[in-house]
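Spelled out, the chains give:
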Amino acid sequence: MNWSEEEKQIFCEVADVFEVPEGAYNFRVNGKSVGRKSTDNINIESKTDVSGLDIYIKPGTKNETVHIPVAISVTGLSEAVHNDFHIGKNADVTIIAGCGIYNCGPTDSVHNGIHRFFVEKGAKVRYIERHYGFGSGRGGKILNPTTELFMKENSEAYLELEQIKGVDSTIRRTFADLNDNAKIFAKERLMTHGRQRAESIFSISLDGSDSVADIVSRAIAQDFSMQTLKMNIDGKNKCRGHSECDAILMDNARVIAIPALNALNTSAELIHEAAIGKIAGEQLIKLMTLGLTKKEAESQIINGFLK
Amino acid sequence: MLNLVDIDYEVKRGRSKMKILDRLSLEVRPNMLTVITGPNGSGKSTLAEIIMGVKTPNCGQIYFKDDNITDKNITERAKLGIAFSFQQPVKFKGINVYDLLNVSSGELISREEASKYLKTVGLEPEKYLLREVNDKLSGGELKRIEIASVLARKAELLIFDEPEAGIDLWSFEDLTKIFKKLKTEKKTLIIISHQERILKIADQIVVLDAGNIKTQGTPKEILPRIKGEKR
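Protein chains in written order, with this note's numbering: chain A, 692 to 998; chain B, 11 to 241.
Mixed in with the good hints, there may be bad ones.
[Unchecked claim] Among chain A residues calculated to face chain B with C-beta under 10 Å, some are:
(1) Ile819
(2) Arg931
(3) Ile992
[What the hints assert, rightly or not] Below, simulated PhoX-like cross-link-like pairs (lysine-lysine); rule was C-alpha separation at most 20 Å, straight line:
(4) B:Lys89 x B:Lys196
(5) B:Lys230 x A:Lys986
(6) A:Lys878 x B:Lys146
(7) A:Lys843 x A:Lys927
(8) B:Lys103 x A:Lys969
(9) A:Lys998 x B:Lys146
(10) B:Lys89 x A:Lys985
(11) B:Lys89 x A:Lys986
(12) B:Lys187 x B:Lys224
(13) B:Lys210 x B:Lys191
(14) A:Lys998 x B:Lys196
Please keep in mind that the hints were generated in silico from the structure rather than gathered at the bench.
All residues carry an ideal CB built from backbone N, CA and C; glycine is no exception.
Next comes chain A alone, as it looks inside the complex (with noise of 0.2 Å):
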């Protein structure tokens, strides 16, 4: 495959991909595939309605890896992008997601992904999404990424969803519905500078016996940045769900979290935690103890916060 240093550095960036890997991909660069490979076991194919995949994994396909990492290397584009993954009963694999922009021009560059799981019983799905943007242009970076899962019995979900650096805007949506003893875990990383926006809803429908959440979500806002975290569990049955927001503010930003807990079932246990406020200055100062910098201190804490 033949790509320009900048999407080089986002397919590492978003995928840590060097080259060409292993298992099934799709890389997707200025609204085109530019590279595919199915497998005997995963079969993925271009959707006929929409621009998008269909990703296909057969039951009991163990140990496989889909890569579909996306780039936008001009200004101006904006796409949307439907990805539906067909997790078949009992597999077991991971997809490793993700987009990125380099902007170098005037005008705004905007990938919008849906992307749908549905987790057959017993599946289980690791799910790393990461976002990126860079590029000195004046036109804005814009990453609005859904994520819904429709899980089946006894299927677990484990999302890695991060948003690293250098994108302006982004509105974040992760739906969940979960079936009797489906269990899904999210850990979201959040890091926003300058003036950028992020917003990110998280709305979970727990709606089988013994299901689980556990709902992680940890930002960092710097400058004038702002972030809004919206994170709903709606407990309709015998089930756990637990959802954390912490926040670290730096400089002049600003972030507004808004935990809901639904508890519609009385055998439901849900639990929300939140904690926003700035690096505390105990932490900084017991790593200068150990001979940091106040500077290298700030990175080591929000490089142990976002890991």
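Could you slot chain B onto chain A? The hints should help.
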């Protein structure tokens, strides 16, 4: 090794000012274990924090190895070879014990070396090395990790602010062994403590009261007086 000259420290309490340290002078000689003791509010922890640079005295001078370090910040003092163990260990989110020991060492150390520090403070490395230094750990565990992080500094002057606090499950025997071993390694120690078992292993005991030195001397000289006062 360390000379404190006429250290004054006061804080504002409402409209008035309250003296925490009052023209305090103290000499700590190299390779000596000095225990600073005294009643609550006598200025012990403040003194330790002033030596580390966490607090700035209103006046007075601090000399470390003959250099005036009064204007040096915490980082500079740490790099000169002063290490500090906090009374209340600091918690982090996302920083694990191994990360902390790497920072303390000033370089990437092997897991074996990091494990060595944990074993020294009575923690099983396989259980703790990758644990986050957060509030899921007990006070005692955090305290031991705090001590391990100071040991990993390999500093010349080590200050421990009430090291025994919170380590009830870990024997004093082990804690005092660490201090004795540090002495054999030619380290200089300042320990803030009330505990007789720690006072007993001191080369020098300094008793503070109302921000100044009430008395100082060897355990033989000082311990009977302290006990007498308690009676």
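Consistency of the hints with the structure:
1. Ile819: violated, 18 Å
2. Arg931: violated, 18 Å
3. Ile992: holds, 7 Å
4. B:Lys89 x B:Lys196: Given that 20 Å is the threshold and the Cα spacing comes to 18 Å, the pair holds.
5. B:Lys230 x A:Lys986: violated, 47 Å
6. A:Lys878 x B:Lys146: holds, 18 Å
7. A:Lys843 x A:Lys927: holds, 15 Å
8. B:Lys103 x A:Lys969: holds, 13 Å
9. A:Lys998 x B:Lys146: Since the Cα atoms of A:Lys998 and B:Lys146 sit roughly 17 Å apart, the hinted pair holds (cutoff 20 Å).
10. B:Lys89 x A:Lys985: holds, 13 Å
11. B:Lys89 x A:Lys986: Status holds; Cα separation ~15 Å.
12. B:Lys187 x B:Lys224: Roughly 28 Å between the alpha carbons, so the hint for B:Lys187 and B:Lys224 is violated.
13. B:Lys210 x B:Lys191: Within the cut-off at roughly 15 Å; holds.
14. A:Lys998 x B:Lys196: Violated. A:Lys998 to B:Lys196 sits at ~38 Å, over the 20 Å cutoff.
Violation of the numbered hints given earlier is confined to hints 1, 2, 5, 12 and 14; the remaining hints are satisfied by the structure.
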